[in-house]
Amino acid sequence: MTSVTPWLRRVLIGLPFLWLAVFFLLPLLIVAGISVAQSEDAIPPFAPLLRATAAGLESHVTLANYRELAHGCLVVYGSSLGNAALATLICLVIGYPVAFAIARAPGMWRHILLFLVMLPFWTSFLIRVYAWIALLQPSGLINRLLLGAGLVEEPLPLLYNAFSVQLGLVYSYLPFMILPLYGSLTRLDESLLDAASDLGARPWRVFVAVILPLTLPGVAAGMLLVFIPAVGEFVIPDLLGGPDTLMIGRLVWQEFFENVDWPAASAIAVALVAVLTAPLLLAQRFLAREGTA
Amino acid sequence: MALLEIVAASKSFATTEAVYQVSLSVERGEFFALLGPSGCGKTTLLRLIAGFETLDTGRIVIDGDDMTEVPPYARPVNMMFQSYALFPHLDVAGNVAFGLKQEGMERRRRDARVAEMLALVQMSDFSRRRPHELSGGQKQRVALARALAKMPKLLLLDEPLAALDRKLREETRLELTGIQERVGTTFVVVTHDQEEALGMASRIAVMNRGRLVQTGSPADIYERPNSRFVADFVGAVNLFEGALDASGLAIPDADRPIPLPGALRVSPGMRVALALRPEKLSLSPEHPAGFALAATVQSIGYQGGQSTVHLATASGLRLRAHLPSHAAQGLARGAAVWASWAPADAVVLTE
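Protein chains in written order, with this note's numbering: chain A, 60 to 352; chain B, 792 to 1142.
In short, the hints are calculated from the structure, not lab data. Among these hints, one or two may not hold up.
Unchecked claim - Here are some, though not all, of the chain B residues that point toward chain A, as calculated from beta-carbon distances under 8 Å:
#	residue
1	F843
2	M870
3	F872
4	S874
Using N, Cα and C, we set each Cβ at its ideal position, and we do this for glycine too.
Full structure from sequences and hints, please.
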């Protein structure tokens, strides 16, 4: 990097920050601004925060949206976080063995299996979710197979409920769990496993005492990559969920488009960012500590 | 009864025979070295003893128990890895305690043993450090303490000194032999460094291309190599290739047959090699009594206490002599000298 001149260096480092500022920080600030505004029947549908009147500047900043949130939406937050946490846990339980198997697979197979994990990304996410509707509906493939095999008397209610939402979340976010886990598993020094076994650890103990602690950074990364987007997920609960499915993403959509209450929708979104910052900070502290080891 | 008995062990990977029909036995308390160039199968043999690889054919018996079907975690053997393989998420004490924990040893006894082991390798002050906070030499000590903590019947050491710099290697070698004598554990060490093997082992097995070539004491291996490979691999050597006749070894480069050491049970006309260690060669300006070759000094390499003198005869035969540096001081490049040796110092090699 010695050949890079100082100004070019500054530009190279500055560009991503600029990008983040323009496309992330600025929108977030705008949303935060709207969240403390008053709803109004106008275009845009909220009152400006400051309005010039004859008596001078008049403030219209209000925390009413947040108060309302605390009253009505806690259940939705709870169920969103719960759904996302469950999906994260299921992804971990399925993803760890899969990542382990891929990491231990012989050379050529490793690439093929990894390719298969990423293959779904080649098809539109929306189409894949719609495909699940076709599979899960009462006249869908799964129910027809079950009926045909005589395992059930009548079609199982697989769609438009908590089950289908959970299935959709796990299905969609599993690769985001597998990839970081695979990364940390391949970085694992093989001789450490030999050493543990040599010192008397049975295979299960090798896993618990050596493999798991050393792949915790991968576990943390995978959990974040699944949990964070799953909490705010809109498409899956909207398409696969039933009337009783409460998820934040859906609520934001409702407030924004159906009730045209931008301030309320913004308050929900800002509160979600605040809630999600906590696990992010925790994970970052954890990863920083592990990084020095 | 031997502590370790390897009977006709063979192991091949895909296309290569890593270990072929190796049989050897190691006695209790021995410091045994497996010596050979890289890729000779010595590390595979070590991994077979530890149980990381399974035998294709043959048997491995430790202290009377057949280990062939026993997994690594159940073998009374511990290994010190070349990379040390210390657990990065555990501190020094945690690493040393790892094996004892697997045994289910209770806390107080475990702590005492860890302290004892760390004292043995002089690492008591470092018990709370993580491996990444240690130098190479300190890691090596921790790895040794960890491998000895369970008091294995047999300790396997894979290139224990390879990762250390030269000065530290010398020191550590002495320490290793000291610790081995103190704890009395049987050591089997793998090394590609002949100096290391000669310096610390009580017995050496030389391997080449998966086969055991020669087993013996360091002096046996050095003074009485049984093949051109061993003579050449272990230390420097002058090899004279030629055919036997009534008066000695006839080689094309020498004007007269080279006398042989003692009576030989070989038939005349047979092609053999005569091996002579460079330090057995003496140089003199005058023709000494007995056999001598006329040669000129080509170059003198000064190595401190010892110098290596390269010589060539008129017919082009090249020789190498190791002399104390004070003896080499009188020589100059181009000087004519007589090279001679006691016939008994040379070794006849048929293989």
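Legend entry - Hint check, failures only: No hint contradicted; all consistent.
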